[in-house]
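Those protein sequences? They're chains A and B, same order as listed. So the first sequence is numbered by this note's numbering: it starts at 24 and just counts up by one. So the second sequence is numbered by this note's numbering: it starts at 25 and just counts up by one.
Quick caveat, the hints were computed from the structure, so don't treat them as lab data. Nothing here was measured: the structure is a model prediction, and the numbers come from that model. Treat the hints with care, as some may be off.
To spell it out: a stretch of chain B is covered by chain A in this simulated footprint if at least three of its residues, at any positions, have a beta carbon under 8 Å from a beta carbon of chain A; those stretches are [unchecked claim]:
{"hint": "1", "stretch": "55-62"}
{"hint": "2", "stretch": "124-130"}
{"hint": "3", "stretch": "175-184"}
We put the CB at the ideal spot given by N, CA and C, even for glycine.
Each chain, letter by letter, is given below.
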Amino acid sequence: MAKVKMSRKMTSIDMTAMCDVAFLLLTFFILTTQFKKPDVEQIKPPSSISEKLLPDASLMTINATPDGKFYFQPVENASERIALLDKMGQKYGITFDNNQKAAFQKVQAIGVPMNQLKGYLDMPADEQKNYKSPTGIPMDSTNKQLIDWVKESLSVNPDYKLAIKGDVTTQYPKVKSLFEGLRDIDFLKFWLITSQEGKPNE
Amino acid sequence: MAEVQVQEKGGKGGKVRSKKQNTRVDMTPMVDLGFLLITFFMFTTTFSKPNVMDLGLPAKPKDETKKPPPTEIKLSNSISILLGKNNRVFWHQQDATSLNDQTLMETTLDREGIRKVIQQAKSRAADQTKFTVIIKPTDDAIYKNFVDILDEMAITKSEQYGVTDIKPWEKAIYEKKVGGAAAPAATK
């Protein structure tokens, strides 16, 4: 009888401490998680063996869609975004009102030429999310708006890093024109976003 | 007051016991749930980060006079890789005069193909420390080919490689080869 009582006491362990730890960790992970915002267009990056993860630095991203359109994703920092918009406005002779500036702070990625940017920012937020630009940001030998975005971002803060996310089927000449443009402004180090692939065992 | 106290004293044995049992909540399901959520958040945080590949471009010389003289790479110490359409890849170790249909070899973008070619060329090279891979994507290439070939550079540990435009004499042979192969397929 005594033995049975003893074992019964042993089976109920005090879980309070464990519970505390579990929920502490849970809170930590919930607070640190950043959910990925949905992309405007589906882009499937090519696979590579690189195991380096995208660093957390102030990052601007250029998305290249399968049909060769470019989207520019400015850094997250809201005040620096305003500075960037002002600089781009100055360059192209466009002034933005406060509503448009507020919209620019929240925008996910820009995929319109400068002359359509005002109209794009005037759209309601949910319409913006689903708006697929027919042209993307112009990037050719005469009209290098995409490069201007990068250049003006760098003039706001030279510490920005650039990541390029291209689709598997993006035509190489498009990518080449982007690289050439970046070389023109002497911005030579950046990252290509890839997806994970097993390392070959040899 | 006194009466209540007396009553409590009287029933101490049974009552206190039942109270003690009530305070003990079984935390096991709560902990289970907690850890389940932890697992979920841990995995989502680590997987949401995409992988990246470093890429450094050579600087553009500001004016032509400062341009360094074009470095001549010995043919045996280098290999040119042409990225063509439909994921086709060609390679050669020739110059403008000796390149023709036979010397422009075709291979595949996988372990048995291009990787072996690079490794063999490297082992054949006269000076392995100066072995250079020249990557020449044509306009028909897609971004994936480019990333794949940079990947091969990392796998074969070819640290010296350059990306450049295809030369006209290479383009002529390439187009001849691609066109020659594509034409019979189209007529089928």
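>> Taking the earlier hints as the rules, which of them does this structure contradict?
In response: Hint check: 2 fails alone, others pass.
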